[in-house]
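S.K.: For the record, the sequence lines run as chains A and B. All you need for the numbering used here is the position in the first sequence, starting with 1, plus 28. All you need for the numbering used here is the position in the second sequence, starting with 1, plus 24.
To be clear, the hints were calculated from the coordinates, so they are not data collected in a lab.
Computed from the model, here is a short list of chain A residues facing chain B with C-beta under 10 Å:
hint	residue
1	Val121
2	Leu124
3	Asn125
Residues from chain A shown here face chain B by an in silico Cβ test under 10 Å; the list is partial:
hint	residue
4	Ala48
5	Val51
6	Leu52
7	Leu53
8	Arg54
9	Arg55
10	Ile60
11	Asp122
12	Met127
If you anchor each label on the Cβ, the simulated ranges turn out as follows:
hint	chain 1	residue 1	chain 2	residue 2	range
13	B	Ala694	A	Leu42	20 to 30 Å
14	A	Val94	B	Gln672	29 to 39 Å
15	B	Gly652	A	Val46	55 to 65 Å
16	B	Ala692	A	Val94	19 to 29 Å
17	B	Ala694	A	Val46	15 to 25 Å
18	B	Leu667	A	Ser59	32 to 42 Å
19	A	Gln84	B	Gly698	23 to 33 Å
None of these values were measured; they are calculated from a predicted model. Glycine is no exception: its CB is placed at the ideal position from the N, C-alpha and C atoms.
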Amino acid sequence: MTVPTAYFVILAALLFSVGAAGVLLRRSGISILLGIELMLNAANLALVAFGRQHGQLDAQVFVFFVMAVAAAEVAVGLALLVAIFRKNQSIDVDRLNVMRW
Amino acid sequence: MLDLLWLLPALPLAGAAILLSGAMRFRHRTTSVVGVGSIGLTLVLALTALVQYAGMHGETVIRPLFRWIAAGDIAIDFSLRLDALSAVMLFFVTFVGFLIHVYSVGYMHTEGARAYARYFAYLNLFMFAMLTLVLGANLVVLFVGWEGVGLCSYLLIGFYFEKDWCASAGKKAFIVNRIGDFGFLLAIFLAFKTFGTVDVAGIEAMLASDPGKFAAAATPIALLLFVGAIGKSAQLPLYVWLPDAMAGPTPVSALIHAATMVTAGVYMVARTNAIFRISPTAMLVVAAVGGLTAIFAATIGLAQNDIKKVLAYSTVSQLGYMFLGAGAGAFAAAIFHVFTHAFFKACLFLGSGSVIHACSGEQDMRKMGGLKKHMPTTYWTFVVATLALAGIPPLAGFFSKDEILAKVYGAGAGNLHSFGTAYLALWGLGVVGAFVTAFYMFRAVHMTFHGEFRGSHEAEHHLHESPASMTVPLRVLAVGSVVVGFAGMGMFGAGRNWFEGLLHHVAPGVEVEGYATSTGIEWLLIALSVGVAVGGILLATRWYFGPEAFVRPTRFAERFPRLVTTVANKYYVDEAYEATVIAGTMKLAQGSWEFDARVVDGAVNGTRHLTVGTSFFSGLFDLNVVDGLVNLVADAYGWASRLLRRVQWGVVQGYALIMTVGFALMVAAALWLGR
Numbered sequence: 029m030t031v032p033t034a035y036f037v038i039l040a041a042l043l044f045s046v047g048a049a050g051v052l053l054r055r056s057g058i059s060i061l062l063g064i065e066l067m068l069n070a071a072n073l074a075l076v077a078f079g080r081q082h083g084q085l086d087a088q089v090f091v092f093f094v095m096a097v098a099a100a101e102v103a104v105g106l107a108l109l110v111a112i113f114r115k116n117q118s119i120d121v122d123r124l125n126v127m128r129w
Numbered sequence: 025m026l027d028l029l030w031l032l033p034a035l036p037l038a039g040a041a042i043l044l045s046g047a048m049r050f051r052h053r054t055t056s057v058v059g060v061g062s063i064g065l066t067l068v069l070a071l072t073a074l075v076q077y078a079g080m081h082g083e084t085v086i087r088p089l090f091r092w093i094a095a096g097d098i099a100i101d102f103s104l105r106l107d108a109l110s111a112v113m114l115f116f117v118t119f120v121g122f123l124i125h126v127y128s129v130g131y132m133h134t135e136g137a138r139a140y141a142r143y144f145a146y147l148n149l150f151m152f153a154m155l156t157l158v159l160g161a162n163l164v165v166l167f168v169g170w171e172g173v174g175l176c177s178y179l180l181i182g183f184y185f186e187k188d189w190c191a192s193a194g195k196k197a198f199i200v201n202r203i204g205d206f207g208f209l210l211a212i213f214l215a216f217k218t219f220g221t222v223d224v225a226g227i228e229a230m231l232a233s234d235p236g237k238f239a240a241a242a243t244p245i246a247l248l249l250f251v252g253a254i255g256k257s258a259q260l261p262l263y264v265w266l267p268d269a270m271a272g273p274t275p276v277s278a279l280i281h282a283a284t285m286v287t288a289g290v291y292m293v294a295r296t297n298a299i300f301r302i303s304p305t306a307m308l309v310v311a312a313v314g315g316l317t318a319i320f321a322a323t324i325g326l327a328q329n330d331i332k333k334v335l336a337y338s339t340v341s342q343l344g345y346m347f348l349g350a351g352a353g354a355f356a357a358a359i360f361h362v363f364t365h366a367f368f369k370a371c372l373f374l375g376s377g378s379v380i381h382a383c384s385g386e387q388d389m390r391k392m393g394g395l396k397k398h399m400p401t402t403y404w405t406f407v408v409a410t411l412a413l414a415g416i417p418p419l420a421g422f423f424s425k426d427e428i429l430a431k432v433y434g435a436g437a438g439n440l441h442s443f444g445t446a447y448l449a450l451w452g453l454g455v456v457g458a459f460v461t462a463f464y465m466f467r468a469v470h471m472t473f474h475g476e477f478r479g480s481h482e483a484e485h486h487l488h489e490s491p492a493s494m495t496v497p498l499r500v501l502a503v504g505s506v507v508v509g510f511a512g513m514g515m516f517g518a519g520r521n522w523f524e525g526l527l528h529h530v531a532p533g534v535e536v537e538g539y540a541t542s543t544g545i546e547w548l549l550i551a552l553s554v555g556v557a558v559g560g561i562l563l564a565t566r567w568y569f570g571p572e573a574f575v576r577p578t579r580f581a582e583r584f585p586r587l588v589t590t591v592a593n594k595y596y597v598d599e600a601y602e603a604t605v606i607a608g609t610m611k612l613a614q615g616s617w618e619f620d621a622r623v624v625d626g627a628v629n630g631t632r633h634l635t636v637g638t639s640f641f642s643g644l645f646d647l648n649v650v651d652g653l654v655n656l657v658a659d660a661y662g663w664a665s666r667l668l669r670r671v672q673w674g675v676v677q678g679y680a681l682i683m684t685v686g687f688a689l690m691v692a693a694a695l696w697l698g699r
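The shape of chain B in the complex, shown without the other chains (with noise of 0.2 Å):
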């Protein structure tokens, strides 16, 4: 199976290849069969080959499939990497994206045949990108993969794209990524240049043999990379294309915008470990806009009221956690995030896509509340979720939100390059984000199910619990969000944990010297983390449950009206955006515009102007001077030949006469003269 690597991404782009050449005219059960079965085959590959590399004691397997790109220098394969790390991408990317597969059959049935052919091609497009970013051996393959799930981000952000807000949505998500991913390309350029290879394996051989060598140019590499992984992973100041992305359908905003394509930013710097690990500079730069994009996000999902608004800001508030535990050097905690992440914000989505469905395509929560007893596999499987997400232990989110504030912690008190007060304050960020996460997610829980319904009486008789194509993904992975925090589960005092031993090898943590984690400062740690939680989702309670529901918040916006409503407009980041960089590329085009037709329009048209002037007086001259001799010379040879053409007046006798006279005046002449 491991030989047959090439499968995984090939299989999904079979399935969209057929989808796309059936030129949309699948009907639904065809078009599902298809879709779906493409992703199913995949995952039971994918299965296949995790339980063979299983055995392999985590070696590295490489697959080049041929020589893609070779000039001069130059030479890139593109090829596939098994390890430890992309083994696990490879896991939860074909598993929750074929659970979100299943999921759209019912989501999506209401779509016409065409489109819900077209959802699906897509949907196969982004697994087949998503798995070569996460299968590429080298960079270059890794950017196929990540312009491939960028472009299928923005196909299926605009898959409305008959409204223009999602049409919109769909170009601000690409053209913001496009500033990531020219960082990222110069980093790659970059790399190359100084590395001489493009190869993963190659660069970590190059920086083991001699890390001094390449201290210097791994920052501007590293910084590269990473402002790739800020368009990408909707961090600050990039993040602001993700909460427009919940403009597409919402399974796609369940796979992509939450669970996988988003986290390729925290898996590439994952990947590129080895050069982030040796400038301590870049290091903190990702630790700093993870933390500072953690508890921003997290605010501004405090008075969003659009429940998949709540969840975009809440996955980009996780991203920048997720990128805090890297910066700290926890590459593992971050991919345990990651994986954790897929699977709890995965079910959220699915879950919201469920109370959606249900409230005939409301997303505002002020007209939801009470949906408990409609719906309630969609309500405890919700419930299950935002615990995950708020950090409630045993489950899952709890063992890696906790993995990455302890890890952050120990950078800060173990004075990590020197940067220890930086962390610190860093780790405080976490922990009041952590309890600002649990606030809003409890708000929108009891915003969505408690309470008594808002809506009109016409939604209220609509309300019902969605197929089971859409309740089964939704308990598996509540069940997930449960059971796959284990696999991180915190060895006491020394030791690793096994998740962390799994992706040592590939992505070791940062040894942090000077600081010796005990088992007393790890149980504060964890009642610091839960403390938060629990405080976090009471006050939601107090603020948004029960008789006295929505009370204290409207007390509080009485109160701070000028804080609530800028939280509101989410710091008016857009509002900024418009009236600098938009309005700045706007008055440039602009004033390029002008430019065009001014000057060098007026440039050609002045040309134009003497070019015709100058051919008016070369047209003349031609006329009258040229044209004139040619005449001239035609003229005179007629007026000569109108002289000579008498002598031929055509009698013949004429001419015999002529020549007799003249001859007899020759011979009279010679007689004369010859006297």
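Just chain A, with the same shape it has in the complex (with noise of 0.2 Å):
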């Protein structure tokens, strides 16, 4: 017996709520990554699930793609976060305001 497809994808549409709710509504530098890597992550899940239901594995090879372009980002935003705190003593995005009119 096999899980059906559609809920891996009720899952990965949770899991992308979770994170754009995470990206739109917090404050801070890190729970706004955390919440991309949870969007990157439920695309993932819902690209496996359809390749599974396909049979195919193109789609494996692209979330390979994506982990590997979301553990750059990672490292590019943490990087960036570091600078801004050393700046600013905080990573609350609503201070990142100097080129604000």
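Combine the two chains into a complex, taking the hints into account.
M.R.: Below you can see the structure in the form of structure tokens.
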């Protein structure tokens, strides 16, 4: 007995929603990065699920790429956050307003 | 030497240039060397040229120096011409000019170094201009010299420019001369239009080829030329500047206003005699103006007390004789009188300068007298020149004046151009003028040299003979006054005298048909002119010499007060000019000024007010309407921008939220609609 694809898609949608909410609503830069990771992995989950349904491996290859890019993105993002913290003593994104009109 | 003719005017010009470029910083000695040396060199060159020319049997030498004016049909060379006429002029201009330069060294030595250098610079410049005038081969070059001598005359009359009346005299001479010069200029234009050339030789050739063709055109040209001569040679009615010109230093009066420049008019008439001779009207006008001026100026000379004024009016009068001769067709006689007059009148002026020098600048003859024993050289040279002027044989003035009167009588008796009566009347005026001349000149001699000294004791103490630099020129000129007349000694009966023969091929006399000169008539005319001269001298001696001196003149003045005051006031001619021409000019100037101030300035100011008014309104329009529109556009943008910038409030999460929500809404809408 196999788990139906719809379950995976629903889980992916939930995970994506949680991630999007984190990105949109949280003030902490770390939380935003975490939200982005959640959204990426939700997309990965959906890709893998659809790949299994169709019996193809293409999706799995994509997921590897996505994970590699996500790792790079997190490395850059965290480095930015460290730099911002050193300058502002805070990673609250609302306070990153020096270029605002 | 004849190829180096250009050196003659060039040397004095160089002298003037050196003196002027030295910025008048030369000392007296340097100035004398340069100023007199340049003229001395010119004299030597001129004499060399004349000796060489004498061997050429009277042919005309023309030396074009360069093409001066070339425009369309006009081609005028700067060319010099030496013929018998210019040779005569060249001789006495350089000779008398040199003597007067030498004399000036003594006369002007009290001037400061700057004024001394300025004086000699102007005098050299004058010699340059005069030689250009004399040697010019065409009317335009002649005109350059003509204007040049006018300029130098102005500069030298106003030499003591710090004195107001001297500066005014210079201006008067210049302005009056301008009137004549304008006539001369018009004559040149007209001559060019008529003949197509301004070359004297060219004009003569055209007139010789077809005299009838130009007969009508000749009269206006000749009359306009004569207007120029009237101005330069101080004839009625433009003579007024010459007596005032005595404001200049006395050597200047001798050189410019007696010997050379003022005779330029006579020279010009003789030079263009080809035009004059074919116009009987112009000839009569020349003779009439000359004859009237001769008697008019002579009578004014009767009542002058300034020694230089007497000589000035005498000069005007003698110039009148020259024109009288020229107008009667005796061009050679006129030039002969120019020639002899240059000697004795220069001698008289230099003598008067010597007297003025001795009297510490006093020119009034009433404060002189008895100078004979203090300055013997001046005295006898003055007397010799006076006798020459009065026309006592065998002195120079006798031959030339008698020649003129004889020719005028001939023109009258032979009914020249059917104007016989007029010429006879003019001859009568000339004879009376000779009497008056003798009288006023001896009046001057008696008042100056005879009797008792009437000046102050200090002045009497100061009386002295002048230095050698002044007396030597006087002696030379006195000798000249005696001998130069023999050049034109009359040959009784037919035939021309030597001087007339010399000029015959350049300025031949007008033949008077129907008059044959005879020995008897010539003797009669000589006896008459000698008679009136001796009569004038005797009357002057009776009135102004001896124990009863000044008694008769006083009695005469008491009996005819109106006549005497009128003559003493020079017939009120200056006053008449003052009242008419000068006042008219002033009124015209005042009127023009008022027109300028009221109408022209009014129009200008009106335009200004109009412009200010319209500018005010267009300014308002600009400020409100145009700027308003521009600002409205700007405001509209600002207002819209203020509204729109609310969308970008800078919170990136907000943008993302809107994007997400919008996306969600669009998905929802798509799902809803695709159902």
